[in-house]
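Using the sequences and the accompanying hints, generate a full structural model.
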Amino acid sequence: MNLLDSRTVMGDLGWIAYPKNGWEEIGEVDENYAPIHTYQVCKVMEQNQNNWLLTSWISNEGASRIFIELKFTLRDCNSLPGGLGTCKETFNMYYFESDDEDGRNIKENQYIKIDTIAADESFTELDLGDRVMKLNTEVRDVGPLTKKGFYLAFQDVGACIALVSVRVYYKKCPSVIRNLARFPDTITGADSSQLLEVSGVCINHSVTEEAPKMHCSAEGEWLVPIGKCLCKAGYEEKNNTCQAPSPVSTVKKGKITKNSISLSWQEPDRPNGIILEYEIKYFEKDQETSYTIIKSKETTITADGLKPGSTYIFQIRARTAAGYGGFSQRFEFETSPLLAASSDESQIPIIVVSVTVGVILLAVVIGFLLSGSCCDHGCGWASSLRAVAYPSLTWRCGYSKAKQDPEEEKMHFHNGHIKLPGVRTYVDPHTYEDPNQAVHEFAKEIEASCITIERVIGAGEFGEVCSGRLKLQGKREFPVAIKTLKVGYTEKQRRDFLGEASIMGQFDHPNIIHLEGVVTKSKPVMIVSEYMENGSLDTFLKKNDGQFTVIQLVGMLRGIASGMKYLSDMGYVHRDLAARNILINSNLVCKVSDFGLSRVLEDDPEAAYTTRGGKIPIRWTAPEAIAFRKFTSASDVWSYGIVMWEVMSYGERPYWEMTNQDVIKAVEEGYRLPSPMDCPAALYQLMLDCWQKDRNSRPKFDEIVSILDKLIRNPSSLKTLVNASSRASNLLVEHSPVGTGAYRSVGEWLEAIKMGRYTEIFMENGYSSMDAVAQVTLEDLRRLGVTLVGHQKKIMNSLQEMKVQLVNGMVPF
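Counted from 1, the sequence shown has number 702 at position 702 by UniProt numbering; the numbering is strictly sequential.
Read the hints as simulated data drawn from the structure, not as lab findings. Since no wrong hints were added, every one of them can be taken at face value.
What follows is a list of derived Cβ distance ranges for each label pair: (1) Arg270 x Thr208: 21 to 27 Å; (2) Pro174 x Ile761: 40 to 46 Å; (3) Ser193 x Glu491: 51 to 57 Å; (4) Val139 x Ile761: 24 to 30 Å.
Derived SDA-like pairs (lysine to any residue); straight-line CA-CA distance at most 20 Å: (5) Lys754 x Phe548; (6) Lys232 x Arg319; (7) Lys213 x Val589; (8) Lys134 x Thr124.
Owing to the predicted nature of the structure, the values given are computational and were not obtained by experimental measurement. We put the CB at the ideal spot given by N, CA and C, even for glycine.
Next comes the structure, spelled out in structure tokens:
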């Protein structure tokens, strides 16, 4: 939210320059010829410059951390002959807090310095001739603020500057509805790493299942949702709302035969909108797992194909634009029994047979009389008679259509093989005789003209991976990721390529990558999915080493576990769960992707899929899957433990440079990866649980989600870290590059812990041996220019491990 934007102020800014011959306000126009305020000063030829520019009082509107964006130009001192001795290429920015507008005239030494501002781009006299404007943009933040407002001040000490714009703003998490709870606008905290816990309020017609909470990050993004609300009985969630019809309360029976039951009912007392259709569920009493659903736009139906003399249970619910209401109470009705025929009734079959024979004979005669003329003059009633006379023949004149009531739709459900929406089971596309059928069943076809490819962002197994935009009819254009199939593909490659879409199209979960559709009717063949701005999780973590709080990292892990729980519940095994196959968006939401190696479980929940060969990602794969090529959700849990380790170590390679054979041997002998540095003990224990040799002893994904939720709700439980001695005790000394201490040089050590960029700095400052390095303190690191907190921790923890091992007699320095 903007507190000030000098470019948008039409009148006088009310800023004060001191002394008056220092900063000057000069009116100019921007690139759109709109008038703007600029302040300029260029006293480069005079000694001891001290020119101040003071803004008017700025209310912080309750924000405790504010950002200042400066746009300015600055002249290169080398382009000013004769002014080199006094010319400067920087200026200073200050602030002063005040509860009112009486603080502007305080002394200079009462202002607090924010920073010295330097230019990335400076202009010369040549640039002026070419009318080139080299505009610099710098952003600084200030906090925590404790008063109602503040002043900004800019100090020039002898530079040639034009301050083009000043924008002051704060960040907030915008109001949002998530998990049926409403979260208000929330101003971010004062600390750059702070997460504010915000409680949500359940929306109308919903109740709390578990107190809904989210965390507002310092960047104004909602993270780590906890708890949720549920729609009240009789309501159903749709588009983050609950408005639905009340249950049907009155059901009357109509005609009942030995094989059918007719019913009618009244519209619900509170329809809450126009009733779009009714859903009728029925099943034979005591056979609830095998049922049928009929959808009807009318308030009457006939259920046929029933057993004579049997009791059936019926339930009805209505649907409006807001969704389905609750099912009615159960209504019991019984079909007519099979009874012995009376003497009068026994005559009925004879009469029926006689009439039928007469009709057939008549039809035969008329059929011969009209033969040859039907197809020329229409089928009419003669064709109908032919069908009666010769039911085994196919008459090709005209066409026939099976009787179908457009107002009704019937679906049968048996032992869960076909389920209600939301209770789906994964279907292996490899079981389809025609793979194209699977693609068209589970993936939506998109017109190629709806897709704009913008740039290549990577390479896949079958072709390029691009980013672009998708514009569907009636919707706004939005960014997407596009996988393309390379030219010259074989039919097998096409099947394998589209097989991933057939898998993705069956999933619908916020932590599973969402498939938008496929392009199969033109070239190139494409798979279009949602775009994840931050790319793969392993690369993202490496780029942002040490930049996240533990809560943020646990939030990422919770999202991955939630996605895997969903897959596991669908009877689906991923087989290649790794940080490289997790995508992350700008809100730090993690989504499971890459379903190329995935397979489905058999109906037996204990069954495992046995592969027919192929490569296995050894470092991420459970021992039983490596040894016997058997994969289960339990083997996915092992892989999830490795992903946890990757996340907490910011993308470190599991088992470092050990060979695959060494990894297999070490794991088989009981070795497990050591705890990442600064890892909470509770998280490392969960990793070890995931790496239990007995797969039945590993936690299930729903248990993992529950454990992580408890840790998030109780952040103090994450403060206990794995101590260095217990970490060292689990190391394989001959393989671990971190903590062994047996390094031939400082450079080798720094390279091993991925801090090789600091080798030259260490050497230049006299730290040329491991003995010298052992004495380094945190203050020494800061003095050397190691300013990133994550890098400081990595170096100091590595040194601590070496000292622990030295004490334990494990390795020499």
